[in-house]
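Chemist: Using the hints, position chain B against chain W.
There are 2 protein chains.
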Amino acid sequence: MNKHCFEKAERLAVYRAIAERRDMRHFLPDVVDEEVLTRLLSAAHQAGSVGLMQPWRFIRITSTKLRQQIHQLVEQERVQTAKALGEREDEFMTLKVEGILECGELLVVALPDEREAHIFGRRTLPEMDVASCACAIQNLWLAARVEGLGLGWVSLFDPEALAQLLQMPEGSRAIAILCLGHVEEFYKKPMLELEKWAFVRPLKEFVFENGWEK
Amino acid sequence: MNKHCFEKAERLAVYRAIAERRDMRHFLPDVVDEEVLTRLLSAAHQAGSVGLMQPWRFIRITSTKLRQQIHQLVEQERVQTAKALGEREDEFMTLKVEGILECGELLVVALPDEREAHIFGRRTLPEMDVASCACAIQNLWLAARVEGLGLGWVSLFDPEALAQLLQMPEGSRAIAILCLGHVEEFYKKPMLELEKWAFVRPLKEFVFENGWEK
Numbered sequence: 161m162n163k164h165c166f167e168k169a170e171r172l173a174v175y176r177a178i179a180e181r182r183d184m185r186h187f188l189p190d191v192v193d194e195e196v197l198t199r200l201l202s203a204a205h206q207a208g209s210v211g212l213m214q215p216w217r218f219i220r221i222t223s224t225k226l227r228q229q230i231h232q233l234v235e236q237e238r239v240q241t242a243k244a245l246g247e248r249e250d251e252f253m254t255l256k257v258e259g260i261l262e263c264g265e266l267l268v269v270a271l272p273d274e275r276e277a278h279i280f281g282r283r284t285l286p287e288m289d290v291a292s293c294a295c296a297i298q299n300l301w302l303a304a305r306v307e308g309l310g311l312g313w314v315s316l317f318d319p320e321a322l323a324q325l326l327q328m329p330e331g332s333r334a335i336a337i338l339c340l341g342h343v344e345e346f347y348k349k350p351m352l353e354l355e356k357w358a359f360v361r362p363l364k365e366f367v368f369e370n371g372w373e374k
Numbered sequence: 161m162n163k164h165c166f167e168k169a170e171r172l173a174v175y176r177a178i179a180e181r182r183d184m185r186h187f188l189p190d191v192v193d194e195e196v197l198t199r200l201l202s203a204a205h206q207a208g209s210v211g212l213m214q215p216w217r218f219i220r221i222t223s224t225k226l227r228q229q230i231h232q233l234v235e236q237e238r239v240q241t242a243k244a245l246g247e248r249e250d251e252f253m254t255l256k257v258e259g260i261l262e263c264g265e266l267l268v269v270a271l272p273d274e275r276e277a278h279i280f281g282r283r284t285l286p287e288m289d290v291a292s293c294a295c296a297i298q299n300l301w302l303a304a305r306v307e308g309l310g311l312g313w314v315s316l317f318d319p320e321a322l323a324q325l326l327q328m329p330e331g332s333r334a335i336a337i338l339c340l341g342h343v344e345e346f347y348k349k350p351m352l353e354l355e356k357w358a359f360v361r362p363l364k365e366f367v368f369e370n371g372w373e374k
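Quick note, the sequences are listed as chains W and B, same order.
Residue 280 in the working numbering is what sits at position 120 of the first sequence, and the numbering runs on without skipping anything.
Residue 211 in the working numbering is what sits at position 51 of the second sequence, and the numbering runs on without skipping anything.
Isolated chain W (complex conformation):
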């Protein structure tokens, strides 16, 4: 406990949001309230970023035609990914990996162009722009959860084809298609664990001291 510590109920709320956030693929078609959407984007925009470069752009997809085209791109990559998985191809094809056509709001999140001008914190680690953009998305994800909305991060797409579809400038790069919307239920565990695709391993396997441990 210290003077900057939040009240107990506030602390628990934040830990609850972290624990109950899920990567959602099943949505109800209900509309997302405009004010809520603005709160979520504001939460994203409050993320920290390397050298304060704020390397995130949010493209809201309100065109039904564009939504269908994006869905087609993802469907193409789903098939390609399945093939690349070899012996797990059939198993992968049974998974629901996106809710693009069902969700209330569809957002594309992209890194902007002209990122090479930002050197602070990126000279040796250029991928810090991806990291900052992901922090913004995590803020949005947690805020969505407390608003009772599900969010799914889809990364099954060819970024060049998506750039063309959305007239993105050279040097920009989409890293997320976000399905956002109301849900019937939040998964009790990560969906890939419920589907027995992969399993969460215990924290202690991920924490080392003073060097890598085998």
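Just so you know, these hints were derived from the structure itself, not from any lab.
A quick note: this is a predicted structure, and the numbers were derived from the prediction, not measured.
Accuracy of the hints is not assured; some may be wrong.
Pairs involving identical chains hold if they fit within one copy or between any two copies, as the list cannot separate such chains.
In the DSS-like style, the derived pairs of lysine-lysine whose C-alpha atoms are separated by at most 27 Å in a straight line are [to be verified]: (1) 348 to 225; (2) 348 to 168; (3) 364 to 225; (4) 225 to 374; (5) 356 to 243; (6) 163 to 374; (7) 163 to 364; (8) 256 to 364.
Modeler: Chain B only, in chain W's frame:
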């Protein structure tokens, strides 16, 4: 409002954590409680990850000698970055960019080796491992804030030199040196804005509809 929505006080707590989180460089030397540290690491470990690959490893630095060596690596990169910044070299050198020697806990966060085995969601976007790892760090950052602890993400280092220092396997890659600890005060605004290095731009410049906007 919907049935999955958190209570109002809970929602406000999460938005408060998001708004008051800061990238800290000034620390008090006080010890971080072990139980709190475990809660923070657990929060990180609850992040979603592409294909459930959980691409994060946390190396806790408890050796004073290692901490000093890490500080030296960062100091070397600080000078290199300043040179690369050209006309802003002198201005950059006046900024405090890390609190490695002062903070109560020092953590290195790294992507693991053998990531190439993970194809799901990464065939066309291999950087999704960085994104997942960043989501974990954002969880930790928000959890630290509610515990009243500051956290600074330092990315001024040569990842190969750090890998050697920490005996990291080939293919792994550190993306963060995290300074964690008690602080006198949280900055009212991002430190780089207070120092007039860069400025936060309004959200509306970051939100487009159905395509990129100039």
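Chemist: Could you check the structure against the hints above and give me the numbers of any it violates, in ascending order?
Modeler: 1, 6, 7, 8
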